[in-house]
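Peer 1: Single-letter residue listing:
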Amino acid sequence: MAATEIRITGLGGQGVILCGYIIGKAASIYNEQHATLTQSFGPEARGSACSAQVIVSDQRVLYPYVTAPQILVAMSNDGYKKYKDTLAAESILVYEKDLVKPEGGGDGVRMFGIPATRFAEELGRKIVLNIVMLGFFGAVTDLMPVEALRKAVETSVPAGTEELNLKAFDEGYEYGVKLLEESKAST
Amino acid sequence: MKADPQNVLTGAHYLDGNYAIAEGAIAAGCKFFAGYPITPSTEIAERVSRRFPLIGGIFVQMEDELASMAAILGASWGGKKSMSCTSGPGFSLMMENFGLGIMLETPCVLVNVQRGGPSTGLPTLPGQADMMQARWGSHGDYEVIALAPDSPQEGFELTIHAFNLSEKYRMPVLLMTDECVGHMTEKVIIPPPEEIELIERRYTDKKPGEAWPYQENELISPMLPVGEGYKFHITGLTHDYRGYPVINAEAQAENVDRLMAKVKENVDDLTWLEEKDVEDAEVVVVSYGISSRVVQPAIAKAREEGIKVGQIKMVTVWPFPEKRIRELAGKVKALIMVEMNYGQVYLEMDRCAAGRCETYICGHAGGTVHDPGSVYSTIKDAVK
Amino acid sequence: MSVETTKQVSDEHPMEHLLRMDRIPHIWCSTCGLGTTVRALAEALEQLEIDHDKVAVVSGIGCTGRVAGYLKLDSFHTTHGRAVPFAMGLHIARPDMKVIVFSGDGDLVSIGGNHFIHTARRNIDITVICVNNFIYAMTGGQVAPTTPIRARSKTTPYGNYETPFNIPLLAASSGAVYVARWTALHVRRMAMSFAEAISKRGFSLVEVIAPCSTLYARLNKLGTGLSLMKFYHDNSEIRHGADLNDIAIDYQSKIVVGKFLDVEKPTYLDALNHHNAGIFGDKYKPYGGGNGSD
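Residue numbers (the numbering used here), protein chains in the order written: chain A, 1 to 187; chain B, 1 to 384; chain C, 1 to 294.
Just so you know, these hints were derived from the structure itself, not from any lab. From the three backbone atoms N, C-alpha and C, an ideal C-beta is built for every residue, glycine too. Misleading hints may appear alongside valid ones.
Stretch-level coverage of chain A by chain B, calculated; a stretch enters the list once three of its residues show a Cβ under 8 angstroms from a Cβ in chain B [what the hints assert, rightly or not]:
#1 24-37
#2 58-65
Computed list of chain B residues with no C-beta within reach of chain C, every gap over 10 angstroms [as the list claims (entries may be wrong)]:
#3 Lys80
#4 Glu143
#5 Pro222
#6 Gly236
#7 Lys384
In isolation and in its complexed conformation, chain A is listed as follows (with noise of 0.2 angstroms):
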């Protein structure tokens, strides 16, 4: 398989990097590939716009730096402006239903969106929102096995946590697979 690159953007304090960090350790620790994050440091990095990029390969990642991202996760509508341009052909973008508004879908761009801030209020924290979009993204993506997702989610998470954000991690996983299916079946 050749490289992915990812792309996850969103608003400091969404989780945006740990989310980086939980697909990265899925795939390096949890799936045998490589993969490499880097992110957006400094105070441009805080308040507003943030994002990480993983580079997922089979192979040694040696260029570290995302230039055109097959799959955009965004979590923000600022964040998904930003680099909307820069998606490949044929790309996927997984989005925050309630916060980004995508436009259009050109070059093929597959788009999933999912409620990811009213799951994770439900589940009683907000804060769980990334952990919910990346039980979507694991369920839309055939990037890696949804398990090892999850076992990042668990290795990953502050220590007391873990139960919340896998149920958090299911309840995306599940809506998407749930989404998927309908897209199948309309077809």
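Assemble the complex: chain A is given as a structure, and chains B and C must be docked to it using the hints.
Peer 2: This is chains B and C only, laid out in the frame that chain A set:
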């Protein structure tokens, strides 16, 4: 000696370069860390401050980098493996007592997570433009040892290596990494403690009254422990084997010659190069740290086109692998240095090539790693 | 028992065992206050009956910076201004040892001023002896952060107009637990203060006002070293516990000496151990007492 199991987080981790460096230091037995926050190196200090309390280490956030460097020297003489980390502006301040460390022959490790300069420059973006400062940044004549990791994994391994070399050669050792490696997260395998070989400090076996801080006719003297009755004296002034100041040209020659000979006479031991496809190469790309990674796609593309390109990755940048570069200069058409500056280590390569082959610098002002395309173009230029 | 007094002449210095006799003669000018001060430290070390193997001296740069080179102890002559952080590293690595910083006013409160206040703030358990001769002597007599207003130096040829530091006030307000000041004339009291300061747990400071006849006295036409000592004799006022705001030194005016501060506060390592024990409980092994090999 093997690493102490309590210090080693054996297993596969997903760590950024800075955390990996901290883990390397802890695995190497570092027990004193003095530092001052500076982007992009601060995560090393943060990790150490979190890990130290339960393993008997002391972390102190100092008032500045001048004090940080002085404190790690004091702690080293007190018997602790010690380190600090910083970036460009702090590195400038540390140069003062880095020189004292060289002069007193004090083992310790100093990490520079390079960012773009000069001055405050680019705090959050990478550079490799402190390489000549690493070589010559403190005043006076001396030799240094500097290593450059290309990944978090190497950050871990080379930090241990840096501690080992600092004990072996009784001098401060530099780990010259950069923002890209420092902030890049990848898999880091930490081996079991019994697979981590550590070089421990050599102390004198002579009795108090018979031993001096620098033995006569010995290139690398064993150290004297404090608090054991040796009542020794050491000074940043030019000194004799007794550690006593002697202010004349003869003493200066003897003192400085020894400091330099420690490294110069051991260049073969210190040189660590990783070579690929160099045997049949017409052109060799030389680089270090993160740059040695991003050149690889360009080299692969050129080789696919039938261009005979080889690669040398310098794990040790200082001392410069003079012998190997001279040898290659007699065989190849061109040597290309790829580094995130406008040609610092290139100057050494060009000097060693001595006109026997063409030399190229593929460099830029920093702020991002090389676009493999620019490396590829330089390769094409070189074979024209 | 009858007591017979015989006049003995000895070639041996009474403190020979604490001095590097192989480095004597020293580089200091005659009538310099440093010899007296070093002698007072030796006296204090004798009084204390502590193992001299466990005492280290750290100096910076300058005339006083050379002290480390003449004391037969583990001794470190470091860089200008950095004796204090070097000593701090040494102390933390070997908390079982007594670490004494012996340096000058320029070294400690000008170039090393930031380290001085922060090390006092942390209450690092070291003793700082600051010999204040009001001038940069090693470099030939330039203005110092302690030079009194109106005093001349080679870089204030028309007299100094900058307010000098009041070193005891600086130390105390930064967090020191023991602060005293003496002149080079008060040898006995100085030695006692040194002994107290060394025994004190925490950051202790003793300022010693010392004559520099070669530069300070000459540039200000104050006579010889002897004249300065005579001046100290006539113008020193012992005022223990004096308000530190009242003891700034003006040009050729009264010098208030004495023990100004002696309080108890947790040292840096006390605070560290107490705090970490509270956080980690039994998992935490108190730091200190090790010989550096642990």
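Peer 1: Would you mind marking each hint as holding or not holding in the structure?
Peer 2: Here's how the hints hold up against the structure:
| no. | hint | in the structure |
| --- | --- | --- |
| 1 | 24-37 | holds (count 8) |
| 2 | 58-65 | holds (count 5) |
| 3 | Lys80 | violated, 4 angstroms |
| 4 | Glu143 | holds, 20 angstroms |
| 5 | Pro222 | holds, 15 angstroms |
| 6 | Gly236 | violated, 6 angstroms |
| 7 | Lys384 | holds, 52 angstroms |
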